[in-house]
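Visitor: Protein chains in written order, with the working numbering: chain X, 1 to 352; chain Z, 1 to 341; chain E, 1 to 329.
Do not rely on the hints blindly, as some may be mistaken.
[Claimed, not checked] If you only want the chain E side, here are some residues facing chain Z, beta carbon under 8 Å, derived:
(1) Arg40
(2) Asn69
(3) His70
(4) Arg78
(5) Gly140
(6) Gln192
(7) Val195
(8) Arg198
(9) Ala206
[What the hints assert, rightly or not] Dumping the calculated BS3-like pairs for lysine-lysine here, alpha-carbon to alpha-carbon at most 25 Å:
(10) Lys264/X x Lys274/X
(11) Lys101/Z x Lys264/X
(12) Lys117/X x Lys227/E
No wet-lab data here; the hints were simulated from the structure.
From the three backbone atoms N, C-alpha and C, an ideal C-beta is built for every residue, glycine too.
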Amino acid sequence: MKHVDTLIRLLEEHGGPGFEEEVAKIVESAMRTYTSKIERDTLGNLIATVEGQSSGRRPRVLLSAHMDEIALMVSLIDKGGFLRVAQTGGFDPRTLVGQEVVVHGKNKRWHGIIGSKPPHLQAPDEQKKAAPLEDLFIDLAMPEERVRSEIRVGDRVTLHRSVMPLLHHHYSGKSLDNRTSVAVILECLEALKKYHHQADVIAVASVQEEVGVRGATTVGYGQAPDVAIAIDVTFADMPGQASDFSYKIGKGPAIAKGPNIHPKVFQDLSEAAKANNIDYQLELSQGPTGTDGRAFQITREGIATGLVGIAIRYMHTSVETGSYQDIVDCGKVLAEYIAQLTWERVEDYSCY
Amino acid sequence: MLLKKLTEAMGPSGYENEIRNVIRSEVTLSHNHIFTDVLGNLFVQQNQDTQGPHIMIDAHMDEIGLMIVHVEENGLLRFRPIGGIDPRVLVSKPVVIGDSKHFGVIGSKPIHLQKPEERRQPLGWDQLYIDIGASSKEDALSVVQPGDVAVFATTYGEMGERAAKAKSFDDRVGCALLVETMQKEWQLRLSGVFAVQEEVGLRGATAAAYRLKPDIAIALEGTVCFDVVDAPAHNQATQLGKGPALTLQDGLTLPDRRFTEFMIATAEKYNIPWQYRRVKGGSNDYGAIQKAREGVIGGAISVPVRYIHAPAQIISLEDYQAALQLLTAILTEIQEGRWHS
Amino acid sequence: MKNIIKQWSEMVIPAGSEAAHLPSVLATFKDIADSTEIDRLGNGIVRKNGVGPHVALVAHIDEPGIMVNHIEENGFLRFLTIGSLEAKQLIGQHVRFTNQTRGIIGCEMKDANTSLSVDDLYIDLGVDSAEEAYHLAPIGISAVLDVPFAELGEHRLSGRALDNRAGCVAAADAFRQLADEGRQVTLVFSAQSVVGARGAKTAAFALQPDLVLVIDSAPAGDMPKAKRMDLRLGHGPALKIMDGTVITPLRVKNVLQDAAETLGINIQHEVWPGGQSDAGQIHLSQAGLMVGGLSIPTRYTGQLSQVIDVRDVESLVKWAVAAANQWKA
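For reference, chain X alone in the conformation it holds in the complex (with noise of 0.2 Å):
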């Protein structure tokens, strides 16, 4: 549990699909620990290189958290002030109703409330309905005139929330997607100092693929890695949910398996994970993933792809919830895989 603090710094932290850089910041700095050779891309992925050691030809691993949270943006500065939003991501409009957020202006961040109609003046038809997300508004308490010299059509509107621990390591706050998975890869590589491995593990703090894996798509060009992994959340169970939309937390990672995934990297993490004692759960999919392994699997001639996370209940809230312990684990399974993989093994995924 070496990297809690970074976590609930970058649980903390601002950063929006394109404008990531202060998240980008902490994840720097935490990478440092394990590497110096650190590189931004065109798009601002976060590319850190930790080499392996072979005499002969070595296996590249690249392993990709996206490090953006979903956001919203000024589209407009309506009469008195109030801002108009559109998504760049997906919310809920009904859980941002009296939702806390930070407004990010020219020169300073502004603290805002997303505005909402109290229940003593609305007809009683008019309560059954939930806001669609234009009949929102944010609320900065200044003059229009204020609000005009100071925000701008475009400027970026995140959530604002402190993380609250809950029992057993469990965390709640915002972005647990997907920075606990960003924290994955920060104990896969502290987990795996006592390795010597052949692969080059390239560590990627991807960005934008809350807008269509818009990151991982010229990160996997860039890079061109033999295989690559996928880190990203998965959905905790809750009564309702169907049975295979249901993992639990605290039951170690789920390990995804589907056209979207090799079959030899699905059966190599799984069977790392069974090595070395240590729980993990079954995801299926049947069509491309919604995380950046759908980009890396037909990037260039194709990549040999993977995918795993923990699981996250109220997925795209302010209150996501995850366990910490299911964090150390992933990054474990991780570190158990890339210690055994070998050029032969890469050479092997693509004999069918």
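We have chain X; now place chains Z and E onto it with these hints.
Guide: Same frame as chain X, but now just chains Z and E:
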């Protein structure tokens, strides 16, 4: 019988092992160089050192299917679709599951027990189960695991007048055309690709086209045919028995007009029947190949398939033969230097 | 500039038919270009070698239209749409085919309550047999909706395909200025944009410039009860902050903002969540390309006839040139 062998083999997207092995055994010949890539695409190449245009011919070997995702306490299996399946065609259809090919049937509540308004409602995924005869969850798990895949149990058979029925003519009919083409020895720089994962987003062809950098590409497809009673002429995507279909436009391509006209001229020259694919919906692997790298000239040759994506599909064997003649004629014309880009 | 925009807007270039029309367009750059070509997707590419970072100006030249898919025995044509056009927009409209044949769209007799689809429409060419029709408009030929051009008020233009021929005119102008200044610059008239930025994808892959400026239309929201968009005609071109395909990189956004400030021109900010443009495919090409969007505020995008303010276009040209010049490799 090639079409029987190919259509009866199993191969939902991402799970193409069986069909790939069947195809590989058909094209393993001294004039072919064969390899697979990391996605599982099967490449069959001839004359890669020859001058002249590099031609890629694609047929996808995957088919739509089902994946078992959960076993209920009573031993019934819950499943989800791989690729585009209309759940309304599933009720009362038999399937085969997994490598061991266990039989199962997709059941539903008997009509006697349904309320009148229920009978008019299509059944959704949540109301459908596969029954393998298991007495309990443990019993079912002894032969089937979550993650196993299933396909329709339909067998190949000839019927009517020069027609045939089977599952997965989409796109085993294209695979059969490509197998027959690669069994011949050409004087062309030719790459046959049996692609994976077309049904879940043209994924195999995307990577294959990037690798090959072809100058010309032709996708061989089984395409939608709806020439049945009640369909007006301009809504009939294709018509059974009128020959292979050439694309006007589809969901992903406005194919290069010059190449389409070259294919039409070739069909006319060799007296091969052909038709246009008249609708805009749907797509095939050429949609991905066209946009690979700097772009690729080409198009698709499609065999009309009635009831595509349903358990029992129909093709005309005359259309199949005409499609093979057209592909052969086009390759011959290119081989003799009569295509100028 | 009004006249040039008029000429360009009257070209008949439905998506997929670019290659036939481009030779005459590209010929007009003979005096200044080092080379011109039409690539496999139908993009028109004009190159000028020079100094500095390689800047590409991209403007899509295609427009929505229709394509013949069936000829009835009595000479009526049936058709598919190219791009997103709805049946109710088309009834009673004239069409002009790429071979200049003209016709008018009719509709089958329908109950007032049934929803209308393109399958219910047909084109009347004024002939009585399939054979005559086939000679005028064979299956596979495309057409555009033939709406006349008009000047409105002092500064405004209305007409077909102003989205994005006004952008093409602006891009061509900016290209000429940059080429005159000796800059390394490429002009791309991108193909098949209205069906999903298909040409931009392959052109970007081939060219890999240091900076790409995409010039296109963005919807204005200054009409009665318009959909929410904070863009007004005549208040300057718009800096694309985001659309459905791209979030403009901060570095490009800053350079565009600085360039506008240095020039002292007004710009607006475009936030268009559902918008489609070439910018996304370009941004994600290979390992990623720097891309910026410069948009002409346009009323009635997606309709058969659009309205723009020519002052926004003039301003955009200056802005594009200044931004290209400020870009450091």
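Visitor: If a hint holds in the structure, say so; if it doesn't, say that too.
Guide: Going through the hints against the structure:
Hint status for Arg40/E relative to chain Z: holds, with the closest Cβ pair at about 4 Å, below 8 Å. This hint holds: Asn69/E has a C-beta 5 Å from the nearest C-beta of chain Z, less than the 8 Å allowed. Residue-level restraint check for His70/E holds (minimum Cβ-Cβ distance to chain Z is 4 Å; threshold 8 Å). This hint holds: Arg78/E has a C-beta 4 Å from the nearest C-beta of chain Z, less than the 8 Å allowed.
Taking 8 Å as the C-beta contact cut-off toward chain Z, the hint placing Gly140/E at the interface holds, the least distance being around 6 Å. Restraint check, Gln192/E versus chain Z: the minimum CB separation of about 6 Å is within 8 Å; hint holds. About 6 Å separates the beta-carbon of Val195/E from the nearest beta-carbon of chain Z, less than 8 Å, and the hint is met. Among the interface hints, the one on Arg198/E holds; its C-beta lies about 6 Å from the nearest C-beta in chain Z, closer than the 8 Å criterion.
Hint status for Ala206/E relative to chain Z: holds, with the closest Cβ pair at about 4 Å, below 8 Å. Of the pairs offered as hints, the one joining Lys264/X and Lys274/X holds, with about 15 Å between alpha carbons and a cut-off of 25 Å not exceeded. For the hint pairing Lys101/Z with Lys264/X, the CA-to-CA distance comes to about 22 Å; that is within 25 Å, so the pair holds. Of the supplied pair hints, the one linking Lys117/X and Lys227/E holds, its CA atoms being roughly 23 Å apart against a limit of 25 Å.
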